[in-house]
Amino acid sequence: MANAIEIKNLVKTYGDFTLSIDSLAIPSGCIMGLIGSNGAGKSTMIKSILNLIRTESGEITVNGVSNKSEASREDVGVVFDEIKFSQVFTAADVRLILKGAYKNWDDDLYRQYIDQFKLPMNKKIKEFSRGMKMKLSLAAALAHHPKLLILDEATSGIDPVVRDEILDLFLEFIQDEQHTILASSHIISDLEKAADYVTFINNGRIVFCEEKDTLMEKYRLVKCGNEELASVNPADIVGKRTNAFGAELLMLTGKVPEGFVSAKAGIEDIMLMMIKNEA
Amino acid sequence: MKGVITKDLLSLKQVALTMSILMMFYLFLGFMSMKNSDGSMSYLSIMALVINVMVPLSCAGYDEQCGWDQFGAALPVSKNQIVACRYLVNLMVMGFTTLVVFVGNMIFMACGGNASGPETYVIPIVLSLFYVAIITPIIYKFGVQKSRIIVIAAMLLPSMLVFALAMLWNGSAEEESSLLDSLDRLASIPVIPAFIMASVIAVAVYVLSLLLSMKIYNHKEL
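Protein chains in written order, with the numbering used here: chain A, 16 to 294; chain B, 25 to 246.
The hints are simulated quantities; they were obtained by calculation from the structure and are not laboratory data. As the structure is a prediction and not an experimental result, all values here were calculated from the model. Treat each hint with caution, since some may be false.
[Claimed, not checked] To be clear about the criterion: a stretch of chain A counts as covered by chain B if any three or more of its residues have a C-beta under 8 Å from a C-beta of chain B, and this derived list gives those stretches:
#1 67-75
#2 96-103
#3 106-116
[To be verified] Calculated pairs, EDC-like style, for lysine to aspartate or glutamate (alpha carbon to alpha carbon, straight line, at most 16 Å):
#4 K99/A - D93/B
#5 K62/A - E245/B
#6 K26/B - E85/A
#7 K26/B - E89/A
#8 K233/A - D284/A
#9 K244/B - E88/B
#10 K62/A - D93/B
#11 K83/A - E245/B
#12 K99/A - E88/B
#13 K244/B - E71/A
[Stated by the list, open to error] Residues from chain A shown here face chain B by an in silico Cβ test under 10 Å; the list is partial:
#14 Y29
#15 K62
#16 E85
#17 A86
#18 S87
#19 R88
#20 E89
#21 D90
#22 V91
#23 G92
#24 V93
#25 W120
#26 I140
#27 A155
#28 I165
Yeah, the Cβ is synthetic: ideal placement off N, Cα and C, and Gly gets one too.
Next up, chain B with everything else stripped away, as it sits in the complex (with noise of 0.2 Å):
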């Protein structure tokens, strides 16, 4: 297993630097709106999102472009644990991105800036794992080429499913008042308690992906 996580990471090495240009930047930006009374490190937490919903395109990208997925299975290792390790792989990125949030927040505050709360973790956190676990079954299925525009359409599943939370909510949405009224509602939940819910389920999500990748990856013709 070893071995495919260090392809994996050896694959992100290559985007490692845009990334890291690109988290610089938000870095920055963060600094530029400390004199805002609001100001925060909300970009580089928006930034982490994106990086770490990448990870799994990319990699499987890499691994596409040069038919790793015939080797890979010709190796020692089951098709179970390939598919172990890229879910694993995310996982190491989405702590290193908040990581860097964390530090990014922490120089932030020693200069002055506001304090941020748990959401600046938790919510790039929860997303990531909700959008890796959506997108990357889809890779596996259909391949990275062929899933381009399912994945963009997958995106936006978490939104749709926060409306048809607020709309069962509510029990109708066809009054945008309404819906609106529900979303408030929504919003209104205690912020831990909320949080704590949303991470179970994301990570319950999450190895539910595992095991539907896995499944996925078994019956694949390689």
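Extracted from the complex, chain A is given alone in its bound form (with noise of 0.2 Å):
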């Protein structure tokens, strides 16, 4: 399987924060999610790939094209956490500059999501919500048929109902093993729903980048009094949550001892566990 974006020896600072990525593949035809807490690295990781940043070295990537290339952009669709059009255009208008713009733009397709989300064609984008606005950005990204779809915190502050939407979108784009869904976002939740992969940023540096599933069955998370605690071995032990009662623990499945309560970890409990032992 090819790799929508390679990653090699990335590093940019800023002041004293570092973004260090020594290799990353994401394959094609998955949806990668990556999470970590606000300023991570994840907003820099993905304008990095955009090359909106001038990085210190790397080599990155994308459908096989260096990112410095304009070519490499025309197969990619871009969602940011606001939209980046002026508040007084209109969806019309929209259309017109990337009709200029890309050599794939598919009016008709354009229309459809426009319709799809039932997005008013020549209302000024002031007057949507942020909702409409996102789904505006989604049809926007979506309409020159991109192989790739990177979003930024794209489903931030939008309902259930439209991210539920949008999320159906993006299980529909990724019908075709050629495309492939970058994203990332805060809300976990719809990262376990549609992600096939899950990279976790910290600090600056990758902490993990597995398949979900692999990443779900992996760890587990086991509660348990402090005589209990003192019982389990610390090298066994990933992340740690006390309590005046006794600790939540983030374990390796096959570390847990025989005769502790475990359960399943989530995604959102992997990563703040893994933090919070980090910290």
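Join these two chains into a complex; the hints should help.
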């Protein structure tokens, strides 16, 4: 399987923050969820992929082409956390702009998305709700038949109904095995529903990049009292949250001591426990 | 590139009505001056200059407000092309305002007004090229908000250049009378060669400004 995105030896520094990725490959045909706390480096990584920022070092290819080439962006659709078109534009204006920007722009497909999302064609964007703005961004990002869709916090601040609609669209998009989605989000439940792989970034470094199902099988949440906690080998504890009565531990599935009560760990649990353990 | 130019023109559509009203007003003022012996359409030419200079500020203002730069850089166009589009849009607007001034003058003359010389068209274009060439790289470097004061200061540069030339010619600017003499001597240069020289310099400065803006934009973190 070819890779939609390949990153090698990427380094980008902002003051005392450094994003450093030795190697990351995002296979074609999957949804890659990018998780991490604010300032962890998710947006910096996305900006690096889109060549919006100057990196100190590193090589990035998008669909096999260097990200520095304009051609690499012909097959990429991008949705940022805010709509990047002027508030005084209409959906019809957006169509005019992007029609002149992409070789593969498909007017019919754009109209189809506009109708599907029930968006007005001639109303100014400033009169749109946040959900409508995001839907317009998505229609704009998809109407030139991209192979790669990059979403930077695109679903934040949107109500669950619209988010669900958007997730359905992602799943429809990914039906084509040449299509790939890289989505950073704080709403981890969305990624749990849709993502095939999850990459966790913390303090500018990739903590893990794994298949979602494997990841969720890999760890267990263990609740134990103070006495039981004392009997656990500290080396087997991946993350720990203590309270007055005992602790909640994140442990590798095979390392859970016999007789301990454990439950499936969600992506959010894994992320939180690992961040606390690193702090 | 077509998409980026379309975006700028759509942004300008928002201020087009205000600009049209202003031009109509100055067209009207020109006609009002017809009864004077020295009546002309010079007001309209000045308005054309003001509009030409407002264009890069307006376009950059709209872009900054919505964060277009990030989206623009994610399109299949190079950063150099994005900058070139802005300079092209500036020229398109200069062409349009000059056409309005030309039509205004034709009507003015047809109605019995004084015939206007080439300065009616050349001076606004040359000054527009100079001003736009100066302010555009500043806007790219500092953004619209931060560069407002610098832009106002930079607007004085062409006049300062004329004074500097006058001083160089005279060799000394200590005496006010000698400076005025020099300005008179500058004004006495034959009109056509002066216009040709100024136009060539303006175009050269505009091209240099384009290259400088490209360099700034390529180094900019979006």
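List, from low to high, the hint numbers that the structure doesn't satisfy.
-> none
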